[in-house]
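These protein sequences, in sequence, are chains W and D. Residue numbering for the first sequence follows full-length UniProt numbering, starting at 1 and increasing by one per position. Residue numbering for the second sequence follows full-length UniProt numbering, starting at 1 and increasing by one per position.
Hints should not be assumed to be uniformly reliable.
To give a feel for the contact side, a few chain D residues facing chain W, derived at Cβ under 8 Å [as the list claims (entries may be wrong)]: (1) N122; (2) Q128; (3) D136; (4) V138; (5) R140.
Covered stretches of chain W, going by a simulated chain D footprint (3 or more residues, C-beta under 8 Å) [said to hold, decoys possible]: (6) 14-28; (7) 103-109; (8) 174-185.
Computed spacing ranges between beta-carbons, pair by pair [stated by the list, open to error]: (9) L67(D) x F11(W): 55 to 61 Å; (10) A132(W) x V55(D): 42 to 48 Å; (11) D169(W) x V56(D): 57 to 63 Å; (12) Q137(W) x V197(D): 41 to 47 Å; (13) L29(D) x G71(W): 33 to 39 Å; (14) V156(D) x Q137(W): 35 to 41 Å; (15) Q52(D) x A132(W): 52 to 58 Å; (16) S221(W) x D212(D): 55 to 61 Å.
Source of the hints: derived by calculation from the structure; they are not laboratory data. This one's a predicted model, so the numbers in the text were calculated from it and none came from an experiment. Yeah, the Cβ is synthetic: ideal placement off N, Cα and C, and Gly gets one too.
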Amino acid sequence: MIHLENVHKAFANGHAALAGVDLEIARGEVFGIIGRSGAGKSTLVRLLNGLERPTAGKVEIDGIALDGLSGEGLRALRRRVGMIFQNFGLLGSRTIFDNVALPLRIAGADKARIAARVPELLARVGLADHRAKYPAQLSGGQKQRVGIARALATDPDILLCDEATSALDPETTRSILALLGDLNRELGLTIVLITHEMEVVRQVCDRVAVLHAGRVVEAGSVADVFLRPRAAETRALIDEDGEDARPLAFDGPLARLTLQGDAVLQPVLTRIARETGTDFVILDGRIGRLRDASFGQLTLGLSGGNTEAALAALRQHGEVAA
Amino acid sequence: MSGWFANVDWSEIGQACLDTLAMLGGSLLLTLALGLPLGVLLFLTSPGQVWQNRVVSGGLALAVNLLRSVPFIILLIVMIPLTVLLAGTSLGVAGAIPPLVVGAAPFFARLVETALREVDRNTIEAVQAMGATTRDLVFRALLPEALPGILAGATVTAIALVSFTAMAGAVGAGGLGDLAIRFGYQRFQTDVMLVTVALLLVLVQLLQMAGDRLVRHFTRR
Numbered sequence: 001m002i003h004l005e006n007v008h009k010a011f012a013n014g015h016a017a018l019a020g021v022d023l024e025i026a027r028g029e030v031f032g033i034i035g036r037s038g039a040g041k042s043t044l045v046r047l048l049n050g051l052e053r054p055t056a057g058k059v060e061i062d063g064i065a066l067d068g069l070s071g072e073g074l075r076a077l078r079r080r081v082g083m084i085f086q087n088f089g090l091l092g093s094r095t096i097f098d099n100v101a102l103p104l105r106i107a108g109a110d111k112a113r114i115a116a117r118v119p120e121l122l123a124r125v126g127l128a129d130h131r132a133k134y135p136a137q138l139s140g141g142q143k144q145r146v147g148i149a150r151a152l153a154t155d156p157d158i159l160l161c162d163e164a165t166s167a168l169d170p171e172t173t174r175s176i177l178a179l180l181g182d183l184n185r186e187l188g189l190t191i192v193l194i195t196h197e198m199e200v201v202r203q204v205c206d207r208v209a210v211l212h213a214g215r216v217v218e219a220g221s222v223a224d225v226f227l228r229p230r231a232a233e234t235r236a237l238i239d240e241d242g243e244d245a246r247p248l249a250f251d252g253p254l255a256r257l258t259l260q261g262d263a264v265l266q267p268v269l270t271r272i273a274r275e276t277g278t279d280f281v282i283l284d285g286r287i288g289r290l291r292d293a294s295f296g297q298l299t300l301g302l303s304g305g306n307t308e309a310a311l312a313a314l315r316q317h318g319e320v321a322a
Numbered sequence: 001m002s003g004w005f006a007n008v009d010w011s012e013i014g015q016a017c018l019d020t021l022a023m024l025g026g027s028l029l030l031t032l033a034l035g036l037p038l039g040v041l042l043f044l045t046s047p048g049q050v051w052q053n054r055v056v057s058g059g060l061a062l063a064v065n066l067l068r069s070v071p072f073i074i075l076l077i078v079m080i081p082l083t084v085l086l087a088g089t090s091l092g093v094a095g096a097i098p099p100l101v102v103g104a105a106p107f108f109a110r111l112v113e114t115a116l117r118e119v120d121r122n123t124i125e126a127v128q129a130m131g132a133t134t135r136d137l138v139f140r141a142l143l144p145e146a147l148p149g150i151l152a153g154a155t156v157t158a159i160a161l162v163s164f165t166a167m168a169g170a171v172g173a174g175g176l177g178d179l180a181i182r183f184g185y186q187r188f189q190t191d192v193m194l195v196t197v198a199l200l201l202v203l204v205q206l207l208q209m210a211g212d213r214l215v216r217h218f219t220r221r
């Protein structure tokens, strides 16, 4: 649905924000783009609705090349691509109702349609009672919900999220991400989300690309990238996600066990310990969810018994790396 | 009482008040009407905005700075031929309005531009991302969002115009400034000076209060 080919973007001051990006984003997926500030994420997401133009390369949405668009063609495309922002981008001088109605008014919708559609959108994001308020009277999470309602007003196929939760506290972030996940499932909305937080990618994304210095250094399913990172930049981002990168010293054989799906809920370690006589020391570990799937990843020290047999048994439940 | 204000001719003061108000009203209206679009243009052509254009923006900035750096009293004199062309005379209320507008409109345009710069970058992008035309962007987003700042700028401009009208009085425009100079200053009639300055002060106070009220009315925080 979204296709980027060898996209470059250099600014007038000579700074190269993007240096050859290829990306393929499928209809109906939640696609994360993660990277540090300055990696080019904001520029990349703005190419997808023509707020920025590439200096070279191809950007296509549903086969339509964006660089050929201007005037009415570009405005028509923008009505199909909603966008939400870190600072929400609401109009402080307008009520919540008028903020959500704005894209409809710009698209030339009549009064009856606006009067029907806006309450529907506000109800969808849980703000039905706030229509007459002004943005300054709302909390950050509520403001982002208004932003989402406004972005959905013209029934877009794609929603772009520019650090949409970076200004929010962790609890509000979770509720906004849950809303985005619901919209993706219920409306089949394709979501492209940029963030610098691995936590955001883990909670809501299906696939992810890691952007570093204007290039995609790694891309794939969130489980692959998160559990089996290949690029050093990806590992660094994961380590920042509440992990201590320094392993504990253990005198004996080590195994890194990765479990996904049902295996996470099986009593794997105790069963193998009973069967082989090998005891396990847990040196590092994390257990949790990637969007809706469960995962566990443990670094184990093996002690006593038949360690070879224990390693073989571990391999039957998940991946083992030494 | 009459002993204290022996030199004050109250009917002349009344006429001067009316002249000052007429000059202020006429020039303020035209200043706002010219300065607002000029300020919007300064903003839209500046780097990073929808009509960014180095030549237009640089040219406008130079013209604005040029007009703002000419002392108003000089502007009054250099403009006389143009004033006669526009107003038919360089004297009286009508003759004062063209130089007042030329002096104040660039100043107001800068204040409008500054107010527009205060509009959040994400807000502008959000409206563009909806598929807005530049016209939509200006009338549905930029001007409503910047309205409190623009009104505050209009207040400052109106007060600057009050002092400009006093200066215009020195070259035959009439009004309270003219009385202050001719009688208060040149004939040492301190009482006339006091009355005119007090009236100008009342005018400035009223303008500031009205401006503050408008700004408050349109601020949603």
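Hints and how they fare:
This hint holds: N122(D) has a C-beta 4 Å from the nearest C-beta of chain W, less than the 8 Å allowed. Checking Q128(D) against chain W by beta carbon gives a least distance of about 6 Å; that is within 8 Å, so the hint holds. Hint status for D136(D): holds, given a least beta-carbon distance of 5 Å to chain W, under 8 Å. Residue-level restraint check for V138(D) is violated (minimum Cβ-Cβ distance to chain W is 12 Å; threshold 8 Å).
The restraint placing R140(D) at the interface with chain W holds, with a minimum CB-CB distance near 7 Å, inside the 8 Å limit. Coverage of the region 14-28 of chain W by chain D is violated. Counting CB-CB distances below 8 Å, 0 residues qualify, and the rule asks for three or more. Only when three residues or more bring their CB closer than 8 Å to a CB of chain D does the claim for the region 103-109 of chain W stand; here the count is 4, and the claim holds. Under a criterion of three residues with beta carbons nearer than 8 Å to beta carbons of chain D, the stated coverage of the region 174-185 of chain W fails, only 0 such residues being counted.
At roughly 33 Å, the beta carbons of L67(D) and F11(W) sit outside the given window of 55 to 61 Å. Taken as a hint, the range 42 to 48 Å holds for the pair A132(W) and V55(D), whose Cβ atoms sit roughly 46 Å apart. At roughly 44 Å, the beta carbons of D169(W) and V56(D) sit outside the given window of 57 to 63 Å. Evaluation of the 41 to 47 Å hint for Q137(W) and V197(D) yields a pass: the beta carbon distance comes to about 45 Å.
With their beta carbons about 35 Å apart, L29(D) and G71(W) fall inside the hinted range of 33 to 39 Å. Checked against the hint of 35 to 41 Å, the C-beta distance between V156(D) and Q137(W) comes to roughly 29 Å, which is inconsistent with it. Distance hint check: the CB atoms of Q52(D) and A132(W) are about 37 Å apart, inconsistent with the given range 52 to 58 Å. With their beta carbons about 59 Å apart, S221(W) and D212(D) fall inside the hinted range of 55 to 61 Å.
Hint compliance for this structure: hints 4, 6, 8, 9, 11, 14, 15 are not met, and every other hint is.
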